[in-house]
Each structure stands twice: as structure tokens, then as C-alpha cells.
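Asks: Per my numbering, residue 420 is the first one in the sequence shown, and the count goes up by one each step.
Check the hints yourself; a few may be wrong.
[Said to hold, decoys possible] Ranges between beta-carbon positions, derived for each pair:
#1 R750 x T579: 52 to 58 Å
#2 R451 x G751: 47 to 53 Å
#3 N565 x R750: 53 to 59 Å
#4 L699 x Q578: 34 to 40 Å
#5 R640 x W673: 56 to 62 Å
Because the hints were derived from the structure by calculation, they are not lab data.
Because the structure is a prediction, the values reported are computed rather than measured.
Beta carbons: idealized from backbone N, C-alpha and C, even for Gly.
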Amino acid sequence: MRRLVSVIMPVWNEADSIEAAVCSVLGQDWPRDDLEVCVVDGGSTDGTRDILARLARQDPRLRLLENPRRIIPVGLNLGLRAARGELLARLDGHGIWPPGYLRECVARLDREPGLVMVGGAWDCVGEGWLGAAVARAVASPWGVGNARYRTVSTSDPVQTVDSVPFWVTRRETFEQVGLFHEGFPCHEDYEFNYRLRQAGGRVILLPGVRAQYRVRSTLGRLARQYLRYGHWKGRFLTMAPGSLQPRHAVPPLWMAANVGLGGAALMDGTWVPVAAAWGLLYAAWLGLATIKLTRPPRPGGWDRRSGLVLPLVLFMIHACWGSGVWSGLVRGPVRGRPPRGLGRPEEKPPLRQTAGEPGAPTAVG
């Protein structure tokens, strides 16, 4: 049975990676006329729009949409509403699918009844020696706990998880659960998957199916990313405290201990040895983590500088995530509700009608 797959790609300023990402979808091992790519651009200013316009002229399966609010879940919902497919999938502008990604995810989806999302694991990559260190940290339990889509190996079994980032699912999933909550500019995938699981659905990770994910390759961008991740996790926890897992709690508790012991040491000198011992314990933990993550030497841009900066990268992930969670807990719940279900595909232009033609979505560029 032939079925159309619509791949939704929310993007903004991805000029360095967008062509490879889009081409990885258009090159899938899937019937050519049963695939469309809905790229939703948030007003890119770095040349992304020009690249997308060129690719759309070359391949009519690429449809370009505008996201003037520049918010990821808004872009996802715009893409979902425009999608024609019975099967829906997501890829971001800094990801790359191998040729068989869709085929393998859909094959698993066909074996699973009911509300199900299926996705592969990440192979994290970074640019240069600093990017190599970041990639290693964010793909390790030392950096991100038991986030399975980041840490599983290809030989691990298929497993039920909390969330997968580059998912494939049936249209009915959004009809029953609703769309993405537009009050979450970050953490929207976890919030949606929590609602899916509350509705009795399952999220399935295929460790043997791998997508490439390009990590942040500067310390500033990494810090902002994990502050944002932590903040919106904290706000979500005020709405769904039952979703808390140990990996979510450890960094904010560690930060609270740092602040508490540091403050106590400043106010009362008798606490200085305790605070010093706490700091030395964490330093020893960082040293052990660094040894584990650098032996044997890593290929692909890994050199001595990567190993030297790795403790700082791990510290920044923990500190920024932990601080962000506390800021989110203080800020409190997100207002509003997710948009209602997606509904059936409307009468839309034929698949080979490109963006910008009469009746087609507004084109980018």
C-alpha cells in the first residue's frame, strides 16, 4: 500500500547545514512520488532562504512555508496543517537522515497498533576540536544522564522511551492528542510526548537506526542552549511534576548544593572545609568522566585540545541545565493549551505543485 509521507522541518538561519538536511530527506529510500518535505522558515537572514528557494526549483517535492513568529512549535504546527501525508515525520535543519531512515521507521510503525511515535537514535557530530568535545559530552551519560536517544549503541534492543526527536508517526496521532503546545519555544517535543503517553501511547526508539545531529560548536551557544533547555524543563515540571526523572533532578540539586555550601562558607568559616570537599569531589568526578570519554582516542577532529576542554564542557552542561531548571520552576507554568487535533488532510494542490504557484503555500525567498 502506497502512502504519502510528509516531513516537517522547522528552520531558522541554518545556511551551513540546511542543504545537506533537505537532501538527506529527498534522497530517502522511499517512493519518490510518495514523499514531500515541508520546510517552515522563521525568517532566516543568513542565506538559508536562498538555498531553500534553489532546492525547491530543482525538486517540486519541497514545499516552503513562512513562520513569522519564529517559534519552533508554531513552525511545526504550520507544517503539520499544510502536510498532505497520512504519515508525518520531523527533521531539523541541523540533522541528517541516512537513506533508509524513513523506511525502517515506517516498517516498525506498521507493526505497532494505536498511538505510537517511532524514531532513531542520534550520532552527534561537531565542527573542530571544540565541537568534537561537545559532541562527545552530549552523547554520554556523563553529560546528559539516561537520555536514551543520545546514549544508546547500535546493538541495543528496541525500547520504549520518553521522547524521540526525529520521529515518524501516523496522522491520527495528532488527531487524538492535539498539536504542539505553542507556549513552549523549547521542550515542545517532550511536552507533546508526555501527552501522548498520558493518552496511552508509546514512544519507540530504534537504536540501530541512526540520524546525524550537529551540536553547538562554541561554548557560548552551548551555554545558551542548556540554559534554555533547563528553563523550559523547569516550567514543564510545574505543570507535570509526575514527569520528573532522576536525570532531570540531579543537576538542579547539585546547583542548589553549590549555592548552599558556598553561601554557608562565606557566612561561617567552619563550612569552608565542607564546601572545599564538595568541590574536590566534583572535580574528581569530572576527571573520571574525562578519562572515560577520551579512552581510546576519538576519531573525527578529536585531539588533545578536545580532551582538555571536555571538563569545562561537562561543567557548563550541568551548571546551565541546573540553573535553567530553577529559573523555570520560579517562573511557573506556561499559559494556554495546545491547539486541537489536526484533522484529515484538506483538499490541497497536487504534490507536484510547488510553493508560490496558485493555491500553494507562501514561498520563502
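Asks: None of the hints should be skipped; say for each whether it holds.
Replies: Against the structure, the hints:
{"no.": "1", "hint": "R750 x T579: 52 to 58 Å", "verdict": "violated (31 Å)"}
{"no.": "2", "hint": "R451 x G751: 47 to 53 Å", "verdict": "holds (48 Å)"}
{"no.": "3", "hint": "N565 x R750: 53 to 59 Å", "verdict": "violated (26 Å)"}
{"no.": "4", "hint": "L699 x Q578: 34 to 40 Å", "verdict": "holds (37 Å)"}
{"no.": "5", "hint": "R640 x W673: 56 to 62 Å", "verdict": "violated (23 Å)"}
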